[in-house]
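**Student:** The residues making up each chain are set out below.
2 protein chains.
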Amino acid sequence: MAKEPKTLDDLFHDTLKDIYFAEKKILSTLPKMMKAAQSEDLKAAFEKHHGETTAQIERLEQVFAIIDKKPVGKTCAAIVGITEEGAEIMSEYKGSPALDAGLLAAAQAVEHYEISRYGTLRTWAEELGLEEAVSLLQATLDEEEATDLALSELAKSAINQQAEAA
Amino acid sequence: MAKEPKTLDDLFHDTLKDIYFAEKKILSTLPKMMKAAQSEDLKAAFEKHHGETTAQIERLEQVFAIIDKKPVGKTCAAIVGITEEGAEIMSEYKGSPALDAGLLAAAQAVEHYEISRYGTLRTWAEELGLEEAVSLLQATLDEEEATDLALSELAKSAINQQAEAA
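Chains A and B, in that order, are what the protein sequence lines are. The numbering used here numbers the first residue of the first sequence as 1402 and each following residue consecutively. The numbering used here numbers the first residue of the second sequence as 1402 and each following residue consecutively.
Incorrect hints may appear among the rest.
Pairs count within a copy or across copies, as identical chains cannot be separated in the list.
[To be verified] Computed list of lysine-lysine pairs in BS3-like fashion (alpha-carbon distance at most 25 Å, straight line):
id : residue 1 : residue 2
1  : K1418     : K1495
2  : K1495     : K1475
3  : K1425     : K1449
4  : K1418     : K1557
5  : K1470     : K1425
6  : K1495     : K1470
7  : K1557     : K1449
Quick caveat, the hints were computed from the structure, so don't treat them as lab data.
If we strip away everything but chain A, and leave its shape as in the complex, we get (with noise of 0.2 Å):
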């Protein structure tokens, strides 16, 4: 039996499984990236941002079930690799002043990654005509377009200035 062309359909199908499962994984990690921070407003965005993932993820079973679909995760690798990363500048800037520079950086990543999921996965809901899709999309993008600028503000201000000065 041949197999039916994929279509537009499938493709935001299969996006939906991969972001779910790097939401899912993101819940998991930022817990440990709080733990590692060592100022008190680092801690605090993380414990602010593994909240809204608790919702985002919420929001994203919505979305399955505008599909008509299960929500179940497929394995991505780049939210694997992303975090990775994370762990790596965990174990390897321990201890150091520079962990905390570090930490953002990944969690810059991170939100970088779902920026740009969530961005194609919203245009492709609008191609879709799944009005409500795009709500709950958009929703979720404007809150990690949020995260990444708080991030940012973060990094330009005291915990760059601390590294330096070791």
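The hints should help you fit chain B onto chain A, whose structure is shown.
**Tutor:** Coordinates of chain B only, in the frame set by chain A:
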């Protein structure tokens, strides 16, 4: 002998090695994406970015020279994972009208990784007082952001409509 604690200089150097590896990986991946792309516009976008990537690698080599280090890469697990996902798309969506939409999404994930890395390196170069490095890194960051925007425009236009019409 106790190890010296790692500093922001070390973090800057480590991250430079990471993005140097990533850029070389991207340089070798772009011709495959160019070949796989169905639309002439997308092929042209990948070809343009291939030329930019060559220049970006040269800028990184200038930054290595500024900090008096040899230009050497270090395996970047993130870009390995991100490009793996792109390769999956090329294989799973081969012959599908949604292929270009998938390639665009893969390319945007790459762009966002680079945007996060160059943003981080630029901020650290400022903190470290490496003025010339700041200019070089900012030039590349501007290019990456322009590429991401151009890919977003392509994604919103004909390509997705093509995929949807299948």
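**Student:** Look at each hint and say if it fits the structure.
**Tutor:** Tested hints:
1. Proximity of K1418 to K1495 under the C-alpha cut-off of 25 Å is restricted to the inter-copy arrangement: shortest distance 20 Å between copies versus 33 Å within a copy.
2. Taking the shortest alpha-carbon separations for K1495 and K1475, only the inter-copy value of 20 Å comes in at or below 25 Å, while the best intra-copy value is 32 Å.
3. In this homomeric assembly, K1425 and K1449 come within 25 Å of each other (Cα to Cα) only inside a single copy, at 16 Å, whereas the closest approach across copies is 36 Å.
4. Taking the closest pair of Cα atoms, K1418 and K1557 come within 25 Å of each other only across two copies (22 Å); inside a single copy the shortest separation is 34 Å, beyond that limit.
5. For the identical chains of this complex, K1470 and K1425 are intra-copy neighbours only, at 18 Å inside a copy versus 39 Å across copies, given an alpha-carbon limit of 25 Å.
6. Taking CA atoms no more than 25 Å apart as the test, K1495 paired with K1470 passes between copies only; the shortest distance there is 24 Å, against 42 Å inside one copy.
7. Taking the closest pair of Cα atoms, K1557 and K1449 come within 25 Å of each other only inside a single copy of the chain (19 Å); across copies the shortest separation is 32 Å, beyond that limit.
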